[in-house]
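For the protein sequence lines, the chains are A and B, in the order given.
With the numbering used here applied, the first sequence covers 1 to 477.
With the numbering used here applied, the second sequence covers 1001 to 1482.
Rather than coming from a laboratory, the hints here were simulated on the basis of the structure.
All C-beta atoms, glycine included, are put in the ideal place defined by N, C-alpha and C.
Possibly wrong hints are sitting among the right ones.
Take a look, some chain B residues computed to stay more than 10 Å from chain A by CB distance [said to hold, decoys possible]:
hint	residue
1	Gly-1013
2	Asp-1023
3	Ser-1330
4	Pro-1373
So these bits of chain B aren't anywhere near chain A, every CB distance computed over 12 Å [as the list claims (entries may be wrong)]:
hint	residue
5	Asp-1072
6	Asp-1114
7	Phe-1117
8	Val-1409
Keeping only pairs whose Cα atoms sit at most 35 Å apart, straight-line, the calculated DSBU-like set for lysine-lysine is [stated by the list, open to error]:
hint	chain 1	residue 1	chain 2	residue 2
9	A	Lys-213	B	Lys-1003
10	A	Lys-76	B	Lys-1196
11	A	Lys-146	B	Lys-1190
These are the residues of each chain, in order.
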Amino acid sequence: MSATNPSTHHTSTIGAIGAPSRRNTELALLVFAVAIPVFAYANVGLAINGQVPTGLMGYGIGLGLLAAVGHLVVRKLAPYADPLLLPLATLLNGLGLVFIWRLDQSERLQQLAERQYGVFSPSAPNQLMYSAAGIALFVAVLFVLKDHRILQRYTYISMVAALVLLLLPLVPGLGANVFGAKIWISVGGFSIQPGEFAKIILAVFFSGYLMVKRDALALASRRFMGLYLPRGRDLGPIITIWAVSLLILIFENDLGTSLLFFGMFVIMLYVATERTSWIVIGLLMSAAGAVGVASFASHVQARVDAWLDPFACYDTSNACQQIGQSIMSFGSGGVLGTGLGQGNSDLIGFAANSDFIFATVGEELGLAGVMAFLLLYALIIERGVRTALAARDPFGKLFAVGLSGAFALQIFVVAGGVMGLIPLTGMTMPFLAAGGSSVIANWALIGILIRISDTARRPAPTPASNPDAEMTQVVRP
Amino acid sequence: MNKPLRRIAIFCGLLVLALLIRDNWLQYVQADALQSNEKNRRVAIERYAAPRGDIIVDGKSITDSVTTTGTDFKYKRTYKDGEMWAPVTGFASQIVGTSQLEGIEDGILTGNDDRLFFRNTLDMITGKQKEGGNVVTTLDAAAQKAAFEGLGSKKGAVAAIDPSTGAILALASTPSYDPSVFAGLNDGDKFKELEKDADKPMLNRALRETYPPGSTFKVVTAAAALENGKVTDIDAKTDSPDPWPLPLSTNNLTNEHGACENASLRVALRDSCNTVFGKLSDDVGNKKMIEEAEKFGFNEEQFVPVRAVESVYPEDNRPQNAMAGIGQASNRATPLQMAMVAAAVANDGVLMQPYMVDQLTAPNLDVISKTEPKELSEPISKENAQKLQSMMETVVSEGTGTNAQIPGVKVGGKTGTAQHGLNNSEKPYAWFISYAKTSEGSPVAVAVVVEDGSANRADISGGGLAAPIAKAVMQAVLDSKE
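Chain A with its partners taken away, still in its complex shape (with noise of 0.2 Å):
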């Protein structure tokens, strides 16, 4: 410890003996992690009731005990796993149930749900729940992912799994059509959005199938035009695959995954085959993809019309509304936000606590709150992508980026859609927007990145000792 003698604590001694696991650095975190959304809870009753919420305590408790049982689980099982990972998606987690118990609050949606389904049933009981299942798929994750290596055997099963997932929706009688998206199936009373599990499922394929065919994808091409295009019969399964993705996406008018899909597999190709030709091919389809959609599909047009100015067709079109209100809801936050449950990000309306939740957010945190959220955000991608960087393994890297580049993408999608960067489309902003899905899936990513950063981080098993290397041996008798 002390500087005056720092050879007697070489670093490298360190090492020989293990590296750090920074588990006490993620027990840390968690304590802010859970600490600064309790805060927040009670920082909503007094504003809202004037008093601090009598659930303060079961929902401290409530919120302490899923990070400890998480944290026990990484420690026991996960010792030398990332320890960002962890904290931050339960700080997400935590802040998310805030607002979305802010947002029960307000007599507006309440009059609104009364108004439309007869009956007002509040969302924050139901995404603790969720919230506590999506732990409990994190904790069986690592429990069962001993390494994530063993997904490889199922590449193809995957690849049937994730079309299964994504056709369920269009089988009659168990899919759901809410606001126009066909993209929910109704289980015993539950709604499931499959699409989310899916892309999970799809990473694990593409991981698979491009660790497998990444060199034929990069080496046996043709060059035309300055670029290399892959054979036929490399190119077929995952242009398929693609292809059949969107399509089902486009039936079930929903955009917003079909594009992160897309993304996801065009990074995981151009990660694989290290060509920058697939970049361009991908941007290519992409654009022919939106343009073809855009003029196609009625409700795609109203969208980009509404990007383009909302206030423009504010009165006669509801996609106008939603985001003109989104965006006043934003601007009304101004730079320090008019504090929790001050604000009237509820004008909204339409899926004030999943969709635009992140407009609440803007509101009530201002310009501060959201740039701290998409740090927190950026950091999970950060952590993610070197987690891919420090794996040994292609099929690690390949999954570990896949699924990190798709959570940017779907950052990007989400809060640009409600900030009025790009066209809305209806995905979920990831922990912070209600909908059991979208928490139970994003823990399960979680848990994956932290079984790869466990094994990413572990020390190489130290080399049996070579007698012939030392300088002296002792002989026992």
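With chain A fixed as given, assemble chain B onto it according to the hints.
Showing chain B alone in chain A's frame:
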């Protein structure tokens, strides 16, 4: 594979950077524009989040605020004696917006005015609820009551002014409406009903309706004749045939009653001789008549600060100018305008700018601004003003205006029965303008117009219908001065 990975990392960083830049654009650069966007309901929510300040008459508020239920607008406006005060207050409705005084002083009443900024900031820091400031009016509750009750179920308007300052003392209009009934967010239908009402209850007749002023305008014509030297001795005979043939016309101008042939100015005003004043107007000429009328405030909107529509003395040919000189033809005036005429005469020829807001005060009653009386013009010399006073007092003591007499007080006045409708087909308007004068000067000048006072048109006269109302208003002001 690490090189493309690093590039992907940069790409993800750029995505986040784009979001950060967009967010700064929205929440910093565009924030003010979005906050005050006309589509942004927060503006209205914030506006009704605190009780609105009050409008005050004689130290008592004539408005109030109550909390509402079922909407996101917390407070709504209520009015005490809303019908009586509606021409003064205007309305502040969550569904329709604001009008007149409520609209003009909206910033003070809501507390959003820049002049309250420092206080608001202080309140924000100390956690006190924002409050609106108050508008203290110049009105006299007793005079307003006398005017409103005097009009009763008749259609008409009253405007009363303190001649020495221009302070408005009464501003009544009937039929009226209670602005409380459509103050709430869900009261749009009630507003539409009032709007459709054929009697136009929401029309502020004292400020926003013009009537042919009829014979009351003869005071202005007399002033023009005196100022332009057409008459110097008000008791000398004038050269006025009866009937007087209208110039450039085959029609004759006649009189209803009285000995008008070559009558002196005093007698002509007392008996309301059309021939004398028609001819005087012709003698003065259209240009000079316009000039004199404009000195009294015609041909210009008045802001008290509520806008009063412009009264019109028209540019016209000789016969029309002669008719305008007796308050007919295209001559039109608001009740406020005619009160200003009486006030200028009573104030020895100095016309004061009429105003109804005395002070704007902060929620803690600190004065933010105070209106200082301001001279608008001097339409007549002091000497001529006193001649006019003498003549108008004759009207009340022995002429058509005897109904306005108040024992022990000098009252000057002028009646008017203005024809209206094509060829005088509709019921005439009964007018009366007057002032009261004590040893300390004149505390009140008033104009009264009654649109359809009687079922029997023969019974309609300024002296009969309007003068008693004017008397009651003057009496109320005199009583409250004591």
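Given the hint that Lys-76(A) pairs with Lys-1196(B), does the C-alpha gap stay at or below 35 Å?
Not satisfied, since the Cα-Cα distance of roughly 79 Å exceeds 35 Å.
Just checking, Asp-1114(B) versus chain A, shortest CB gap more than 12 Å?
18 Å, holds
Asp-1023(B) remote from chain A - nearest C-beta pair above 10 Å
Its Cβ does come within 10 Å of chain A, the nearest being 5 Å, so this is violated.
Verify this label for me: Ser-1330(B) is non-interface relative to chain A, using a Cβ-Cβ cutoff of 10 Å.
Fine: 43 Å to the nearest Cβ keeps Ser-1330(B) off the interface.
Does Phe-1117(B) sit more than 12 Å from chain A, CB to CB?
16 Å, holds
Beyond 10 Å from every chain A Cβ - status for Pro-1373(B):
About 43 Å separates Pro-1373(B) from the closest Cβ of chain A, which puts it past 10 Å; holds.
With a cut-off of 35 Å on the C-alpha distance, tell me whether Lys-213(A) and Lys-1003(B) pass.
19 Å, holds
Taking C-beta pairs only, is Asp-1072(B) more than 12 Å away from all of chain A?
6 Å, violated
Measuring Cβ to Cβ, find out whether Val-1409(B) lies farther than 12 Å from everything in chain A.
59 Å, holds
Lys-146(A) and Lys-1190(B): Cα distance at most 35 Å?
Violated - the C-alpha atoms of Lys-1190(B) and Lys-146(A) are around 72 Å apart, more than 35 Å.
Looking at Gly-1013(B) again, its CB stays over 10 Å from all of chain A?
At about 7 Å from chain A, Gly-1013(B) fails to clear the 10 Å cut-off, so the statement is violated.
Against the hints set out earlier in the document, violations occur for numbers 1, 2, 5, 10, 11.
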